[in-house]
Amino acid sequence: MKRIQISNIQKTVNNQPIIKSASFELFEGEICALIGPNGVGKTTLLKCLLGLVRPDQGSITIHDQLLSKSSRPKLLKEIGVVFPIPESLYSKTISELFSEHFHYLQIEKNESYHTLLQKLELDVATATKIGDLSLGMKQRLQLAMALSHHPSILILDEPFNGLDVDGINLIKKILTDLSKKGKCILIASHSLSELEDFVSSVVFMLNGETHEKKSLHDIMKKYQGGLREYYQMLKGAECKIEKEF
Amino acid sequence: MKKNFEFERLQLKKHRWILLISAFLSQLSSLYFFTIIGRVDSTEANGVLKNYITLSGLASTISMCILVVYGTVIINRFLVTNYISENKTRLYVYPIGRSRLFYTKIASFCGVFSLFQFLGIAVSNAIYLVIETFTPILLTSESASKYFIPFMITALASVMLTISIIILSSLVGIYFNSTVTTIVTGIIFVVIFGNILAMAFASNVVITLGASILVALVTSIFIKITGMRIENDEVISK
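Those protein sequence lines, which keep their order, are chains A and B.
With the first letter of the first sequence counted as 1, position 48 gets the number 48 in my numbering; the numbers rise by one all the way through.
With the first letter of the second sequence counted as 1, position 32 gets the number 32 in my numbering; the numbers rise by one all the way through.
In isolation and in its complexed conformation, chain A is listed as follows (with noise of 0.2 Å):
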């Protein structure tokens, strides 16, 4: 079942097109990996995603929906962020943090929010300030949040930033899990090796463009080198490209 379908979003900001071109669509149970260097336009394409950012040209579509002004508040019930805590946020404590969470979301019933940082494995008192939080902890605190409404759309813009290898692996099982459950998840991110080993497709963003979105499993196959060795061949193609013109 089809849950995002972006097509040929274009955006420039200050002139300088960001992104030029993306289009790819995404799916019930997928993890799919947006990957690309640092400024390529990738946490821009998210942000048309949760309507933060408007698009040029192009659209986008969530359950069948397409992301407008008015469609916005009921679309962004689907969908769980897991963005950097601002700084202004940190002397609050969790507890603080959570109530306001659950009362922005409109949330009647929710899940406990100890529950979920059980599940997290974020062992600590509901009392501590986010501030005197490691930034691993941020990081789990944030994705308890993402999921505390059970959103079928997961959004998460450099999840592995700041993780230890045990973070980062907890991450992974928690993600895969969830996708086992048919929750649709889009991790943006500049890291190749945490990825490697557990999404199910990879859509690569080079200069404001996506490639065409391949299933992690085929690119195995075909490359030896794994998703590095395939991200050296779009580049390099790229390059060569960019010398042509």
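Derived by calculation from the structure, the hints in this document are not laboratory data.
Each hint should be verified, as a subset may be incorrect.
Partner residues are not named here, just some residues of chain B that face chain A (Cβ under 10 Å, in silico) [to be verified]:
1) Phe7
2) Arg77
3) Ile84
4) Glu86
5) Pro95
Just so you have them, the derived chain A footprint on chain B, three or more residues with Cβ under 8 Å [as the list claims (entries may be wrong)]:
6) 96-108
7) 223-237
Derived pair list, reagent style SDA-like, types lysine to any residue, alpha-carbon separation capped at 20 Å [said to hold, decoys possible]:
8) A/Lys92 to B/Tyr94
9) B/Lys14 to A/Thr93
10) B/Lys13 to A/Thr93
Just so you know, even glycine gets a beta-carbon here, dropped at the ideal spot from N, CA and C.
Start from chain A and add chain B according to the hints.
Same frame as chain A, now just chain B:
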């Protein structure tokens, strides 16, 4: 809407009593400060301090200045930080509706701040007038008791102007993506309007109240404009 308002109101819970005490102490101390000056200094220039209406106007201006600074600090934490730079991403991805949440936050801030500021000022005005009625410090033939209503009207106008200045400063802060701008704008507004207001308060309280309502209306127009801007806002990374 009511539920959202209640939630936001609770976020301001810890500031209520500080606000009430600040309003009460600043108003009462200003009233006595000007009353004592008016009594001890008998030069012609201080003739204005022999009149309860003038005293009330001056005291309200002083307490307004103090509360604007305190209010801009609160509103920075409560509102402005949530709507600047990348921080707004968090609020914008909630399905609650961007402008709706913004208006609710503004309404709850105005509700809490105006209620506790008015209470603080009204109580201090009442205490001052009662004491002045029985043991007057001010050298005047008039009884302080008949100034109860003008004092309350001045308090009302002062509350409306304080809120308007704080809100306008926060809107400027949001516009320029800066919490410092909010405080600086608040101080600039107080400096500009403080003198004018002191004179206005001391002349005709009803006209001042009318002018305060007008300023509040202008502020609400700017709130609406900012709400519309937030609805269409884009979170572009720098």
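Hints and how they fare:
At about 5 Å, the closest approach between the beta carbon of B/Phe7 and any beta carbon in chain A falls short of 10 Å, and the interface hint on this residue holds. Interface hint at B/Arg77: satisfied, since its Cβ lies 8 Å from the closest Cβ of chain A, which is below the 10 Å cut-off. Nearest Cβ of chain A to the Cβ of B/Ile84: about 8 Å, under the 10 Å cut. The hint holds. Of the supplied interface hints, the one on B/Glu86 holds, with its beta-carbon coming within about 6 Å of a beta-carbon of chain A, less than 10 Å.
At its closest, the beta carbon of B/Pro95 sits 4 Å from a beta carbon of chain A; the interface hint therefore holds under the 10 Å criterion. With a threshold of 8 Å between beta carbons, the proposed coverage of the region 96-108 of chain B by chain A holds, since 3 of its residues qualify and at least three are required. Judged by the Cβ-Cβ criterion of 8 Å, the region 223-237 of chain B is covered by chain A as claimed, because 6 of its residues qualify and three suffice. A distance of roughly 18 Å separates the Cα atoms of A/Lys92 and B/Tyr94; the hinted pair therefore holds under the 20 Å criterion.
Restraint check for B/Lys14 and A/Thr93: satisfied, since their Cα atoms lie roughly 15 Å apart, inside the 20 Å limit. Of the supplied pair hints, the one linking B/Lys13 and A/Thr93 holds, its CA atoms being roughly 16 Å apart against a limit of 20 Å.
Checked against the numbered hints listed earlier, the structure breaks none of them; every hint is satisfied.
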